[in-house]
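Protein chains in written order, with our numbering: chain A, 1 to 332; chain B, 333 to 741.
No wet-lab data here; the hints were simulated from the structure.
Any given hint could turn out to be false.
Said to hold, decoys possible - PhoX-like, lysine-lysine: derived pairs with alpha carbons at most 25 angstroms apart:
1. B:LYS575 x B:LYS610
2. B:LYS734 x B:LYS668
3. A:LYS55 x A:LYS218
4. A:LYS218 x B:LYS575
5. A:LYS218 x B:LYS363
6. A:LYS218 x B:LYS527
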Amino acid sequence: MMILTILLKLVAGSALMLLALLLALLFDGVDRIINARMQRRWGPPLFQPFYDILKLLGKENIVPRRAIAWIFNSAPWMALASMLVVFLYMPVGSLPAILGGEGDLVLILYMLGFCGVCMALGGFASSNPIANVGAQREMILMMSYELPLAVVASTMAWVAYRYGLPGEAWNLETFVANPVWNVVGKAGILGLLCLLFAMVLVVPGETGKGLMDIPEAKTEILEGLIIEYSGVNLAMLKLTFALRALAISAIITVLFFPLSLGKLIGFSGCFLYALDFLWFWVKVFVVLIVVVTFMRSSLGRLKIGQASHFYWINVAGLSIAGMLLLSIDRIF
Amino acid sequence: MSAKTYTVPIGPVHVGLKEPITAWLDLDGEKIVGARVRPGAIHRGIEMMGRERNPIQVIYLAERICGICSFSHITAFLRAVEDAAQIQVPARGQYIRSLVLELERVHSHILWAGVACYSIGFDSAFQLGMLMRERVMDVLEAYTGNRVNYGVGTVGGVRWDITPEVDAVIRDMIRYYRSEFSAFYDIVTQDPIAKARMRDVGVLSYEDAIRLCALGPTARASGVRCDLRWSAPYEAYGDLDVKPVVPQDYVGEARGDVFDRFLVRVLEVYQSLDLMEKILDGLPEGDIVFEKSVVKVLSLLKKAEGTGWGIIEAPRGDDSRVVHLTSGNENLTWWKVRAPTYANAVSWPVMFMGNELADAPLIINSIDPCISCMERMLVTNAGTGGEQIMTREQLLDLSREKTRRLMPA
Numbered sequence: 001m002m003i004l005t006i007l008l009k010l011v012a013g014s015a016l017m018l019l020a021l022l023l024a025l026l027f028d029g030v031d032r033i034i035n036a037r038m039q040r041r042w043g044p045p046l047f048q049p050f051y052d053i054l055k056l057l058g059k060e061n062i063v064p065r066r067a068i069a070w071i072f073n074s075a076p077w078m079a080l081a082s083m084l085v086v087f088l089y090m091p092v093g094s095l096p097a098i099l100g101g102e103g104d105l106v107l108i109l110y111m112l113g114f115c116g117v118c119m120a121l122g123g124f125a126s127s128n129p130i131a132n133v134g135a136q137r138e139m140i141l142m143m144s145y146e147l148p149l150a151v152v153a154s155t156m157a158w159v160a161y162r163y164g165l166p167g168e169a170w171n172l173e174t175f176v177a178n179p180v181w182n183v184v185g186k187a188g189i190l191g192l193l194c195l196l197f198a199m200v201l202v203v204p205g206e207t208g209k210g211l212m213d214i215p216e217a218k219t220e221i222l223e224g225l226i227i228e229y230s231g232v233n234l235a236m237l238k239l240t241f242a243l244r245a246l247a248i249s250a251i252i253t254v255l256f257f258p259l260s261l262g263k264l265i266g267f268s269g270c271f272l273y274a275l276d277f278l279w280f281w282v283k284v285f286v287v288l289i290v291v292v293t294f295m296r297s298s299l300g301r302l303k304i305g306q307a308s309h310f311y312w313i314n315v316a317g318l319s320i321a322g323m324l325l326l327s328i329d330r331i332f
Numbered sequence: 333m334s335a336k337t338y339t340v341p342i343g344p345v346h347v348g349l350k351e352p353i354t355a356w357l358d359l360d361g362e363k364i365v366g367a368r369v370r371p372g373a374i375h376r377g378i379e380m381m382g383r384e385r386n387p388i389q390v391i392y393l394a395e396r397i398c399g400i401c402s403f404s405h406i407t408a409f410l411r412a413v414e415d416a417a418q419i420q421v422p423a424r425g426q427y428i429r430s431l432v433l434e435l436e437r438v439h440s441h442i443l444w445a446g447v448a449c450y451s452i453g454f455d456s457a458f459q460l461g462m463l464m465r466e467r468v469m470d471v472l473e474a475y476t477g478n479r480v481n482y483g484v485g486t487v488g489g490v491r492w493d494i495t496p497e498v499d500a501v502i503r504d505m506i507r508y509y510r511s512e513f514s515a516f517y518d519i520v521t522q523d524p525i526a527k528a529r530m531r532d533v534g535v536l537s538y539e540d541a542i543r544l545c546a547l548g549p550t551a552r553a554s555g556v557r558c559d560l561r562w563s564a565p566y567e568a569y570g571d572l573d574v575k576p577v578v579p580q581d582y583v584g585e586a587r588g589d590v591f592d593r594f595l596v597r598v599l600e601v602y603q604s605l606d607l608m609e610k611i612l613d614g615l616p617e618g619d620i621v622f623e624k625s626v627v628k629v630l631s632l633l634k635k636a637e638g639t640g641w642g643i644i645e646a647p648r649g650d651d652s653r654v655v656h657l658t659s660g661n662e663n664l665t666w667w668k669v670r671a672p673t674y675a676n677a678v679s680w681p682v683m684f685m686g687n688e689l690a691d692a693p694l695i696i697n698s699i700d701p702c703i704s705c706m707e708r709m710l711v712t713n714a715g716t717g718g719e720q721i722m723t724r725e726q727l728l729d730l731s732r733e734k735t736r737r738l739m740p741a
């Protein structure tokens, strides 16, 4: 029985990770087309990211002579793995997370951070001064957006705990089963909006696009920390970037938009799971288009100092305001 | 304890740069503490080539010095030749030259605004700039048949007349830009990120601008009231009443940063649109060229003897030419090109100081550098190896020696 469960989880987990990979690339293609249309361009074909990856997979890996080869080569794989693992702890629609009992929101945030550290390590290991600058920027950026991200996550857990939502406070399934918007009062709604907005502002930093395209700024430091990567390694990094955007959009969806379409129209059983599964990816897609594509098309890039200031003061302030509003809502 | 610095090159090939130039930056973290600019990657020996060609042929060579300000280069060159040979351009020819110069200024500034936005990662605005510049290129094509090297100037005037159809196309374009170009005006006045990236970045003070002989929009952004169209009008500009665009007239102060340079260029586009309208309204009747037959012009130029000067306000600053014609010699005796970037590039190290690495491509782009215009001299030391830096005295001696060689007493 035990072995069967493990086997089932293995199969389901592999399938989900594969699906996440494909969807991440597909959404990346859509993102590029919408971005192009917003700039009054025609844009690449929808499957361009797939073609890119396939082409890169057939190319040789070039390792700089002075690079630390084992770190340089393993960093993209570690980054990709950490991003794929995130989806194992993510409830998809009404389906529980595959490893739901084993890890929660804290683990997911760790995985997001770990991915950034891996990429920075790869940059440092490549011995290129420009990659070095990019890696420094990645670390600074990460330290900056982790504060608002942590505030948002812990406030959500606090809400789940204090409002007595059934289930574990840190577990994402708790938020899927009981949308937080239903349990809080008026001030609480305002607080949740603050948290949502802070979370949305963290997305550019997390995905390294648009406003926070700082570690890979191509017109400043020539793609920064990935400058020395080529071939299979670069394919892994491209997959990682696509997955990061998908993962952060999925987290926002789970935390703030857990509405189940299946329950709304009264489905049950297999149909409920199937419909909600599809519905979940539709929601993730919409969130991704709004928070990633629109934001990256309409804004320029900040400098690293300004980005740090922005996250530590403005976004952290916003998330703390959300935290206070939710506390006030609970107390009165 | 001195801070440990490391050196990062920007260029010669860099995504943020349009042309090859290298800036070696000494960095302390992200802060620039030292900068050296190394040009010399795209020297083509055009002045040398010019000495084997007659003035009419050199027009087409001069046009190819640079892609954006091709007409500015030939206008400066033609004015030098006309000065040397004492040729008077008819009024209509002068007006049409001014018109094409203004079209070119609009083209150059729109392209620059797009590239500046690209340097700060604002790709949507970059695409918009590229889209908008198509219109002025289409207009130039409608008038001259070419989009980049128009081949419209000739000694003593221009080759094509402005027909009523071309007039309508240009007026149509002016209307289009008046309504559409406001996007860039909004970027400079409203976009908080553009302001955060450009304000107080790459500052060139009023004193430094004068001391380092900055030219054109770069100097005007530092508050220096200089514009050859105003201080030494040429072609039709005497009739047009051009005022130099300086930031203090519009926003109260001139800080000399990248933001001001952006502002000056955006405002100059509007100024150019007004000027074009004035030119079209006041276009005098008459010939467009003093002598239609190229053979006659060439025989006149062959007889001419003397040194001519031509200096005009190109989109990037003063573009000057000195040309010497010798009687009996069909070809140019010598020809000196001095493009605005040559003077503006000197300000780079001053602008870099104290800024961040992230600002470097933006600062390089902020003077709208045209490296292919600038590079007129190359010192190679491939034979002996190692780097050689010429001092000012050495250069002066070399120049004097060359002048003596060229002009036998």
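Tell me the numbers of any earlier hints that the structure contravenes, in ascending order. Violated hint: only 4; rest satisfied.
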